[in-house]
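Asks: On the provided structure of chain A, position chain B as indicated by the hints.
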Amino acid sequence: MKNTTYSSMILGAWQSLPIFILGIIDATVFGFLARRASLSFSESVLMSGFVASGTAQFLALNAWVKPLPIAILLTGTLLVNLRYLVLGATLRPLFAGMPKRLSLPALFFFYDENWALTSREMRKGTGSAAFFFGSGAAIYLSWVAGTAAGYILGDQFRWIGNWGLDFAFVVIFAAILADHWNGRQSVEPWAVAAIVACAFRHWITGEWYVLAGALAGSITAIRGAFKQK
Amino acid sequence: MNIDSTAAIAGMALVTYLLRAGGVWLAKRVPPNSRTELLLQNLPACVLISIVAPAALQHGVSGVAATLTTILVMARTRSLLLATLSGILFIFLLRAWT
Numbered sequence: 000m001k002n003t004t005y006s007s008m009i010l011g012a013w014q015s016l017p018i019f020i021l022g023i024i025d026a027t028v029f030g031f032l033a034r035r036a037s038l039s040f041s042e043s044v045l046m047s048g049f050v051a052s053g054t055a056q057f058l059a060l061n062a063w064v065k066p067l068p069i070a071i072l073l074t075g076t077l078l079v080n081l082r083y084l085v086l087g088a089t090l091r092p093l094f095a096g097m098p099k100r101l102s103l104p105a106l107f108f109f110y111d112e113n114w115a116l117t118s119r120e121m122r123k124g125t126g127s128a129a130f131f132f133g134s135g136a137a138i139y140l141s142w143v144a145g146t147a148a149g150y151i152l153g154d155q156f157r158w159i160g161n162w163g164l165d166f167a168f169v170v171i172f173a174a175i176l177a178d179h180w181n182g183r184q185s186v187e188p189w190a191v192a193a194i195v196a197c198a199f200r201h202w203i204t205g206e207w208y209v210l211a212g213a214l215a216g217s218i219t220a221i222r223g224a225f226k227q228k
Numbered sequence: 000m001n002i003d004s005t006a007a008i009a010g011m012a013l014v015t016y017l018l019r020a021g022g023v024w025l026a027k028r029v030p031p032n033s034r035t036e037l038l039l040q041n042l043p044a045c046v047l048i049s050i051v052a053p054a055a056l057q058h059g060v061s062g063v064a065a066t067l068t069t070i071l072v073m074a075r076t077r078s079l080l081l082a083t084l085s086g087i088l089f090i091f092l093l094r095a096w097t
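Which chain is which? The protein sequence lines are A and B, in order.
In terms of numbering that gives the first Met the number 0, the first sequence opens at residue 0 and continues consecutively.
In terms of numbering that gives the first Met the number 0, the second sequence opens at residue 0 and continues consecutively.
One chain only, chain A, in its complex shape:
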């Protein structure tokens, strides 16, 4: 393995340290709730290990009643994770020309958080598939380990909500967002995205608000760019 590849991986893992810590906490909440939804220990840990998608897993807990409504579980997973198609498309430059035997396993370690960190690096010109993989693997570990811990420790984690830690992920995304600021040309698309997302969240149920806001904002940005030309 090349030295630069290795150091990018380490850099990715290091950069995701705050997310790693908060990810453990988030995952303990999942483990705790999974136990209350009467999943077995192995079901909870395997779900975190193979699905590794917080949104889909929290959603699944709500529908986890025997006999399991598998069609509903799968449709829910599809809807809340549809955003990965859009996020993944923005990662293309990283994986262009990379053999599938490397890119396909790396794309398993694809979460909102390491996507956001990687897109920040890409803007600086230092994004790489190794960085993506390093940060993703760290987040994955925290998610699986946290699920097991939460399942075992259970009730002792209930104070988390009072500490402002439930807000931690909003804060992380906000910090990464600050790095995407492009001066005045950002104002209009950002405002449109924020308003559309809030409106969708408020009036339309489900997880569509992220896609709706993102598309509305990006289309506004394109129109701005074409007007300048």
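If you're looking for bench data, these hints aren't it; they were derived computationally from the structure.
Just so it is clear, the structure is predicted and the values come from calculations on it, not from any experiment.
Treat the hints with care, since some could be wrong.
[Unchecked claim] Estimated spans, in silico, between C-beta atoms of each pair: (1) A:Arg183 - B:Arg77: 19 to 27 Å; (2) A:Ser37 - B:Gly10: 31 to 39 Å; (3) B:Pro31 - A:Leu140: 33 to 41 Å; (4) A:Asn181 - B:Pro31: 18 to 26 Å.
[Stated by the list, open to error] Residues of chain A placed beyond 10 Å of chain B at every Cβ, according to the derived structure: (5) Thr3; (6) Thr4; (7) Thr125; (8) Tyr139; (9) Leu140; (10) Ala144; (11) Ala147; (12) Ala148; (13) Ile151; (14) Gly153.
[Said to hold, decoys possible] Coverage of chain B stretches by chain A, computed from C-beta distances (three or more under 8 Å per stretch; other residues unrestricted): (15) 3 to 16; (16) 35 to 41; (17) 52 to 60; (18) 75 to 85.
Where is the CB? At the ideal position from N, CA and C, for every residue including glycine.
Replies: Structure of chain B alone, referenced to chain A:
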């Protein structure tokens, strides 16, 4: 583990992975310098704001204030850790106060 929970977990895992891997595959079919590519370049920031804005609003005044604090600290320091910590500390103090 019984068969229906195995099937549910395997199905959820497969659906999620296909979506994760599918985006990169789809993007290969986007012509360079097209509107679609411009759209993709602008998506990351707009995705982030679409996650952040409704969530901040949901947490009320303290949520919005903590989010703005984070963005300001990030713009000043460029440190993810500092910005995150100050945002969390801010909302913690606000909640303890009120």
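Asks: Run every hint past the structure and note whether it holds.
Replies: Outcome of the hint check:
1. A:Arg183 - B:Arg77: 19 to 27 Å: holds, 20 Å
2. A:Ser37 - B:Gly10: 31 to 39 Å: violated, 20 Å
3. B:Pro31 - A:Leu140: 33 to 41 Å: holds, 36 Å
4. A:Asn181 - B:Pro31: 18 to 26 Å: Between asparagine 181 of chain A and proline 31 of chain B, where Cβ atoms are some 21 Å apart, the hint holds.
5. Thr3: holds, 21 Å
6. Thr4: holds, 18 Å
7. Thr125: Answer for threonine 125 of chain A: holds, closest chain B Cβ roughly 14 Å.
8. Tyr139: Check passes; 12 Å lies beyond 10 Å.
9. Leu140: Given a closest Cβ separation of 17 Å, the condition holds.
10. Ala144: holds, 18 Å
11. Ala147: holds, 15 Å
12. Ala148: Holds, because the least Cβ-Cβ distance between alanine 148 of chain A and chain B comes to about 20 Å, which exceeds 10 Å.
13. Ile151: It holds; isoleucine 151 of chain A is separated from chain B by about 18 Å at its closest Cβ, greater than 10 Å.
14. Gly153: holds, 20 Å
15. 3 to 16: holds (count 12)
16. 35 to 41: holds (count 5)
17. 52 to 60: holds (count 7)
18. 75 to 85: Held - the segment 75 to 85 of chain B has 6 residues with a Cβ nearer than 8 Å to chain A, which meets the minimum of three.
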